[in-house]
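Let the sequences and hints guide you as you build the complete structure.
These are the residues of each chain, in order.
There are 2 protein chains.
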Amino acid sequence: MPRMYFDMFGQMKKQLKQMDKWFDAAAAYAETKKFDSTVFLGLRLAPDQFTFARQVQITCDTAKTAASRLSGKEAPAQADTEQNLDELRARVKSVVAYLDGYTAQDFAGVASRTVTQPRWEGKIMSAHDYFLEHGLPNFYFHLTHVYAILRHSGVTVGKRDYLGPLTQRMP
Amino acid sequence: MPRMYFDMFGQMKKQLKQMDKWFDAAAAYAETKKFDSTVFLGLRLAPDQFTFARQVQITCDTAKTAASRLSGKEAPAQADTEQNLDELRARVKSVVAYLDGYTAQDFAGVASRTVTQPRWEGKIMSAHDYFLEHGLPNFYFHLTHVYAILRHSGVTVGKRDYLGPLTQRMP
Numbered sequence: 001m002p003r004m005y006f007d008m009f010g011q012m013k014k015q016l017k018q019m020d021k022w023f024d025a026a027a028a029y030a031e032t033k034k035f036d037s038t039v040f041l042g043l044r045l046a047p048d049q050f051t052f053a054r055q056v057q058i059t060c061d062t063a064k065t066a067a068s069r070l071s072g073k074e075a076p077a078q079a080d081t082e083q084n085l086d087e088l089r090a091r092v093k094s095v096v097a098y099l100d101g102y103t104a105q106d107f108a109g110v111a112s113r114t115v116t117q118p119r120w121e122g123k124i125m126s127a128h129d130y131f132l133e134h135g136l137p138n139f140y141f142h143l144t145h146v147y148a149i150l151r152h153s154g155v156t157v158g159k160r161d162y163l164g165p166l167t168q169r170m171p
Numbered sequence: 001m002p003r004m005y006f007d008m009f010g011q012m013k014k015q016l017k018q019m020d021k022w023f024d025a026a027a028a029y030a031e032t033k034k035f036d037s038t039v040f041l042g043l044r045l046a047p048d049q050f051t052f053a054r055q056v057q058i059t060c061d062t063a064k065t066a067a068s069r070l071s072g073k074e075a076p077a078q079a080d081t082e083q084n085l086d087e088l089r090a091r092v093k094s095v096v097a098y099l100d101g102y103t104a105q106d107f108a109g110v111a112s113r114t115v116t117q118p119r120w121e122g123k124i125m126s127a128h129d130y131f132l133e134h135g136l137p138n139f140y141f142h143l144t145h146v147y148a149i150l151r152h153s154g155v156t157v158g159k160r161d162y163l164g165p166l167t168q169r170m171p
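So the sequence lines, in the order shown, correspond to chains A and B. Residues 1 to 171 in our numbering are what the first sequence spells out, letter by letter. Residues 1 to 171 in our numbering are what the second sequence spells out, letter by letter.
Just so you know, the hints here were simulated from the structure itself, not pulled from any lab data. Take the hints with a grain of salt, since some may be wrong.
No distinction is drawn between identical chains; accordingly, a pair holds when it is met within one copy or between any pair of copies.
Claimed, not checked - Simulated pairs of lysine-lysine, DSSO-like, Cα-Cα distance not exceeding 27 Å: (1) 13 <-> 93; (2) 14 <-> 159; (3) 123 <-> 21; (4) 159 <-> 123; (5) 123 <-> 73; (6) 14 <-> 123; (7) 159 <-> 13; (8) 159 <-> 17; (9) 17 <-> 73; (10) 123 <-> 17; (11) 13 <-> 73; (12) 123 <-> 13; (13) 21 <-> 34; (14) 34 <-> 159.
Written out as structure tokens, the structure is:
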């Protein structure tokens, strides 16, 4: 089981690196269309949904926090102060670097670990349930919103940019 | 490990059931605004992205196909002929029923199983890599697009409708 969690976080890391490439496409699109690429940070799909910048921040935080909660290792707090694509890129990079510090062994205690949050009013979840029911779905939710906002705005990203290279081999 | 895959598919089943509830919200919205709810089926976030109906179909297929490929159990082929929300609902229900037929034991052979697709030109992936790098990210990608299309259209769905009830308890 520790290996499976480790692999799942490896995949989240891969997705974060793919997201970083979408920023290239966004920047290129802004240049072609001659608008300031910081405009992206305030875009949203609905007036009462989070902005692009916030979706990126939450994607990062969900991965970081889940790794921390499943392992008991500390996660660095990060201010949500990014003002442009390069600063968002740095945020993504910092989370990838944080996850790089993990080994499969760090998840050895997940089965006996529990998670709580202030708004849960004292209730707890097993770390396993928390990951499957909360951490992972939220990670993909916000990641996909980052993608969808760019796609909706006309940026040239496609499914391959979402999935990234697959670990394929000849039989 | 078989247990972990089983739990992951349990979570996908839960997400499919939540998606079914978004259809209620969509139907209610159509009634309030007095438009034909079949309009939803053709909506998309970008002109060269899949429609709402197709996103629902692919979400269903991704879950079904991944379970089949990881277990070696057959999956029923399904025609993509849904014409309204009720028919999409039936599609979702059929996949939930299909996944209900699984036990953890069905995933016991994943470690030694491989997956291929015609367009991979003879290449293969381990079933484990396939699930983490392809099946799961695609499932959440299309699921979140279904949600985002509704949200972008003004339908009242929120994060709780996405996540569903969490397995919480008092310590």
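Comparing the hints with the structure gives:
1. 13 <-> 93: Close inside one copy (10 Å), not across copies (33 Å); limit 27 Å.
2. 14 <-> 159: both (14 Å within a copy, 24 Å between copies)
3. 123 <-> 21: between (39 Å within a copy, 25 Å between copies)
4. 159 <-> 123: between (38 Å within a copy, 19 Å between copies)
5. 123 <-> 73: This pair counts as within: shortest intra-copy Cα distance 21 Å, inter-copy 38 Å.
6. 14 <-> 123: between (32 Å within a copy, 21 Å between copies)
7. 159 <-> 13: both (17 Å within a copy, 23 Å between copies)
8. 159 <-> 17: both (14 Å within a copy, 25 Å between copies)
9. 17 <-> 73: For residue 17 and residue 73, only the intra-copy Cα distance (22 Å) is at most 27 Å; the inter-copy one is 34 Å.
10. 123 <-> 17: between (34 Å within a copy, 24 Å between copies)
11. 13 <-> 73: within (17 Å within a copy, 31 Å between copies)
12. 123 <-> 13: This pair counts as between: shortest inter-copy Cα distance 24 Å, intra-copy 29 Å.
13. 21 <-> 34: within (20 Å within a copy, 42 Å between copies)
14. 34 <-> 159: within (26 Å within a copy, 35 Å between copies)
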